[in-house]
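**Student:** Same order as they appear, the protein sequences are chains V, G, B and C. Residue 0 is where the first sequence starts when you use numbering that gives the first Met the number 0, and the numbers rise one by one after that. Residue 0 is where the second sequence starts when you use numbering that gives the first Met the number 0, and the numbers rise one by one after that. Residue 0 is where the third sequence starts when you use numbering that gives the first Met the number 0, and the numbers rise one by one after that. Residue 0 is where the fourth sequence starts when you use numbering that gives the first Met the number 0, and the numbers rise one by one after that.
Any given hint might turn out to be false.
Stated by the list, open to error - In the SDA-like style, the derived pairs of lysine to any residue whose C-alpha atoms are separated by at most 20 Å in a straight line are:
no., chain 1, residue 1, chain 2, residue 2
1, G, Lys107, V, Gly304
2, B, Lys161, G, Thr43
3, G, Lys64, G, Ser117
4, B, Lys161, G, Glu42
5, V, Lys161, C, Glu42
6, V, Lys107, V, Asp31
7, V, Lys80, C, Asp55
8, C, Lys80, C, Arg61
9, G, Lys80, B, Lys80
10, C, Lys80, V, Asp55
11, B, Lys80, G, Leu28
No wet-lab data here; the hints were simulated from the structure.
There are 4 protein chains.
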Amino acid sequence: MATTEGVLVASTSRGCKAINAGGGAITVLTGDGMTRGPCVGFETLTRAGAAKVWLDSEEGQRTMKNAFNSTSRFARLQTMKTAIAGTYVYIRFKTTTGDAMGMNMISKGVEHALHVMSTEAGFDDMAIISVSGNYCTDKKPAAINWIDGRGKSVVAEAIIPKDVVQSVLKSNVDALVELNTSKNLIGSAMAGSIGGFNAHAANIVTAIFLATGQDPAQNVESCNCITVMKNLHGNLQISVSMPSIEVGTIGGGTLLEPQSAMLDLLGVKGAHPTNPGDNARQLARIVAAAVLAGELSLCSALAAGHLVKAHMSHNRSAVPTRSSTPAPGAGGPGGCRRR
Amino acid sequence: MATTEGVLVASTSRGCKAINAGGGAITVLTGDGMTRGPCVGFETLTRAGAAKVWLDSEEGQRTMKNAFNSTSRFARLQTMKTAIAGTYVYIRFKTTTGDAMGMNMISKGVEHALHVMSTEAGFDDMAIISVSGNYCTDKKPAAINWIDGRGKSVVAEAIIPKDVVQSVLKSNVDALVELNTSKNLIGSAMAGSIGGFNAHAANIVTAIFLATGQDPAQNVESCNCITVMKNLHGNLQISVSMPSIEVGTIGGGTLLEPQSAMLDLLGVKGAHPTNPGDNARQLARIVAAAVLAGELSLCSALAAGHLVKAHMSHNRSAVPTRSSTPAPGAGGPGGCRRR
Amino acid sequence: MATTEGVLVASTSRGCKAINAGGGAITVLTGDGMTRGPCVGFETLTRAGAAKVWLDSEEGQRTMKNAFNSTSRFARLQTMKTAIAGTYVYIRFKTTTGDAMGMNMISKGVEHALHVMSTEAGFDDMAIISVSGNYCTDKKPAAINWIDGRGKSVVAEAIIPKDVVQSVLKSNVDALVELNTSKNLIGSAMAGSIGGFNAHAANIVTAIFLATGQDPAQNVESCNCITVMKNLHGNLQISVSMPSIEVGTIGGGTLLEPQSAMLDLLGVKGAHPTNPGDNARQLARIVAAAVLAGELSLCSALAAGHLVKAHMSHNRSAVPTRSSTPAPGAGGPGGCRRR
Amino acid sequence: MATTEGVLVASTSRGCKAINAGGGAITVLTGDGMTRGPCVGFETLTRAGAAKVWLDSEEGQRTMKNAFNSTSRFARLQTMKTAIAGTYVYIRFKTTTGDAMGMNMISKGVEHALHVMSTEAGFDDMAIISVSGNYCTDKKPAAINWIDGRGKSVVAEAIIPKDVVQSVLKSNVDALVELNTSKNLIGSAMAGSIGGFNAHAANIVTAIFLATGQDPAQNVESCNCITVMKNLHGNLQISVSMPSIEVGTIGGGTLLEPQSAMLDLLGVKGAHPTNPGDNARQLARIVAAAVLAGELSLCSALAAGHLVKAHMSHNRSAVPTRSSTPAPGAGGPGGCRRR
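Generate the whole structure from the sequences, applying the supplied hints.
**Tutor:** Pasting the structure below:
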């Protein structure tokens, strides 16, 4: 984790300790696909409608898939979601991208597929208004990412025995459940949030993104998260659902030396040798597990009322330092054992 | 700007060039106040209602302001916004914070004010559920930040003569206006966005946040932005409205050496000597002006259809480098002249 | 209640029975003000910024209040909220409107105030783009109504003893709390809702609106509602927060005979004789209390798994009938005793 | 149209006149499927994940389709969309429903499919928390309806010659385009709207719903609409996109005598004799075309600044009357010719 907030590392580490004491975290990958949503235009609705009908048809799907897939060894078009406003058609391409985060790969595929649509499928009156029509949606808050996912979709869960909640987290199960309901569910609802039903997922996501060479501007949607807590037979059951974690283990900032070393440490450096995409998916699971630890720890701190004090003591002890390698023993995201 | 996306620096620089050719950018500061939204609980609605009535009353306002303001030389409570769900009361404190981003300052003030409310104003049955009830809202997407602002609220504008649009931006006024309408307004509306009506504000915000020692996890809301373009007598009028830029020039990451040097270069290092807060406000104006340049340049590139090509050539020329000081001549955000 | 869904009346009636058995409902009025949000335009941001600064200033507030208030005996301007996008300024006027719902009243006041601003305050370069700039927001989903309120803001609560939950509602406290959390809080969050954290507030709101001569198109925002349930010492504590109930007891459809009779039955017909607005506010409290009953009953039915069966038996017994007067003994909204 | 707002009928009628002068309206149906989103629960994420994997698999899809389709002659399961939060799985069933609006039909199918899943597919540890988990989403604002559609999805367009804009609508093309951008796009964006990018779709939808026996509480999502205007070779091109119009021509309120007569007048009464669903789809197209007329007329009135005056003169001439049959010559929604 790369951060200047000293308390973050200590906090996540404490969360990991509690999770490990409870048997580790479970992660489930529920989706994997990067998206790009160009905007194309026609002169009339009749033509825009014809384009949408064709794109939604079997022939359209096949033609576009062939065109798209021809541009890369890794990108495989999964779905196209289309919508019309005025005479504009918005097309959300969703594709696997191997171990790359995939934005460049998908942009290239989209451009070629649109070219084929224009020249070979009878839509030469189509204007490509923008290869990104904000229907992607990249680096901006948007319900479409929350609802349909973008990048990797992961759910992580841990069950923390009640005595660990008390000894490690200095809280109790019912207080945590009430805090989660009143703050993360109701509080965010009152604030008009779409996808922000958590305590501080963005802190953990950003720190890992910086440490592992991800695009830190993509934390805007990557930090989408709903945290759920429940009293399960007296113990604490906690989970985070994160539908749009955008990560890769090749290309971009992952090539820089410290970031590359961190990926290596986590066991997900570069392209996966046998199953392309496994490294990137594993990294997304690590992100979710680390967020789980962060939520657990911060919520416990809030429930115990010592947030401000923690910030003061951790930051004042010294000038904050940016560490792009994890402090020994601190654990970092990889410190969370996953079952 | 600190980024591994090489094209970002070149792009923003091109935007600055166009803006400067048109007479520079105007910025208007329309708000300044950090927020914290605790959740307090009562046993019944009757008591929660009594608390809300008191907080909204003149006596409540005065008592809370006195309590809050006593905790800092800089924090001055501006408003409290209250809401009830169930038996929970959510209170959004909004305060000036001098040249600090202000989260620690405001948390301290909130804790003290709630303590006074509990012990001196007859609400000793109040439970402080969480000093942050997500009604702030910190590091999460939320309409409340978009609508009521958080940190600094800034609008920036530039008018680009039509010949500059052609010569520097390789586009034309009407194409840009249509692109902005179809992508940034309609496209984001179709994607269900709250506050994400722009092309890539997050890229610029994140790069400046890293370069100047801001909290990069706060880009989630700091990148809220609506970009508007208009044909004004044949020229391009472009503006960005950014209601929730969260920045400071003292404390946290601003103390690190390279970040401190960057703030110095921008003329906003540390506390403003005579008017506390002026440095932080100036930094927010710089952020907005840089976003203006970034929007201008990327939208021009999209309108001209050369986004993918630009990414390829800039990134392939060499391994991308992270520069925390601006490349000579590249301009960086400070390179945009503001009128 | 006017409805063709036979089950609705029976259901709300059952909810009322449970509420009355528990001591009745409490309602708290937390806000009262109709809004109108015109859009005005300028040629440059500089001028738009000057307008915003003036509107936010003491002089601007005083001038606009005087102008606005001069147009009606009842409308009293409370606040103006302003925002800039591009060269447009959006101004959300909020005003009391006596016992009228108030849209015509406020539109008249807004037009005059803008006229004064244009002719007497130095803004003769201002174009009134639209007396409604959708910043109101009338009859459309919008976070601003959820967060800032529109019309009447009411919270209603009831505490249902556990034995009543079992005997009348055929459910149990913990099942209801879990249903509310998983459906009304988490389910709506997953669906990307702003303000729709309830089971079926719209059913009750619409039925009462039709029965009492309200504008049924305003149920779009009037049905904004978050339902909260809690186990309080073994009993069920339930509440609804409804920030934007738009009702009146004079003008419009309230003049029609059956609707007028219904208002009379509820004791809120016409203008309140001594305290203008009290009748409309009372009607809003009745709406919230009826929604409380509806939430209680439907959630109990869902928890017991007999929703579909209930619909079938109630609707099949006969051709559904539209009754604009309440069935004798059915209770209707007025049948809920409020403490 | 059933309304007490006298101006509404006159206004929509004027819009129809302009549309007809321009050659009529085009409508495109882009989707058709009612939804129900139950919430089911498991003890652990592992089990919830297994359920999601099975539901998303070919076997799961086939099993659920067979079970669902066996419950009705008309309901045909199109898709299931699944999401996990905590240990809850939300499943959005989408289905054709013939000429019925379809909520009862789909609820029945969902219950049976979940029963089969529980008893025959190895998920007997599944708890059916609620047959509606708000993931539908019925009668509440929610991005999922805006993005994925619910009921019928329709886009309608008309091109109004510039002289008709002047003679009939008393406005001009550029003024209308600016009004639409500043009010319906930017204004709604500033207000934090999801799906409310129009002037007053709810007025038209509600009036037609009441006149034709639809469920008026479903106008909450049925009025979702984005209005787009463009200068096309000097003429006005206007369209409305409405993704979630929930209507039927059999069952419920359509059986009432006046409503049935209105459906007859529109040529869409009862079940379509040869192609089930065609009547309901046709009604949805009529709704969209009427909204198009309403948008055109109100926006023209706003652009010309005579909204308040129009309300005054139309309502004051007489006590408003509720007409459930259209005034002769007024046109009503059916008065708009569609190409």
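**Student:** Each of the hints needs a verdict: does it hold here or not?
**Tutor:** Verification of the hints:
Restraint check for Lys107(G) and Gly304(V): the C-alpha separation of about 12 Å stays at or below 20 Å, so the hint holds. The suggested pairing of Lys161(B) with Thr43(G) holds, with an alpha-carbon distance near 17 Å, which does not exceed 20 Å. Our distance criterion of 20 Å between C-alpha atoms is met by Lys64(G) and Ser117(G), whose separation comes to about 15 Å. With a C-alpha separation of about 17 Å, the suggested pairing of Lys161(B) with Glu42(G) holds against the 20 Å cut-off.
As the CA atoms of Lys161(V) and Glu42(C) are separated by approximately 17 Å, the hinted pair is consistent with the 20 Å bound. Restraint check for Lys107(V) and Asp31(V): the C-alpha separation of about 19 Å stays at or below 20 Å, so the hint holds. Between Lys80(V) and Asp55(C), the direct Cα distance comes to roughly 18 Å. Compliance with the 20 Å bound is thereby established for this hinted pair. For the hint pairing Lys80(C) with Arg61(C), the CA-to-CA distance comes to about 14 Å; that is within 20 Å, so the pair holds.
Using a Cα cut-off of 20 Å, the hinted pair Lys80(G) and Lys80(B) holds, with the two alpha carbons roughly 14 Å apart. Distance restraint check for Lys80(C) and Asp55(V): the Cα-Cα separation of roughly 18 Å lies within the 20 Å cut-off, and the hinted pair is therefore satisfied. At most 20 Å may separate the alpha-carbon atoms for a hinted pair to count; Lys80(B) and Leu28(G) meet this at roughly 16 Å.
No hint from the list above goes unmet by this structure.
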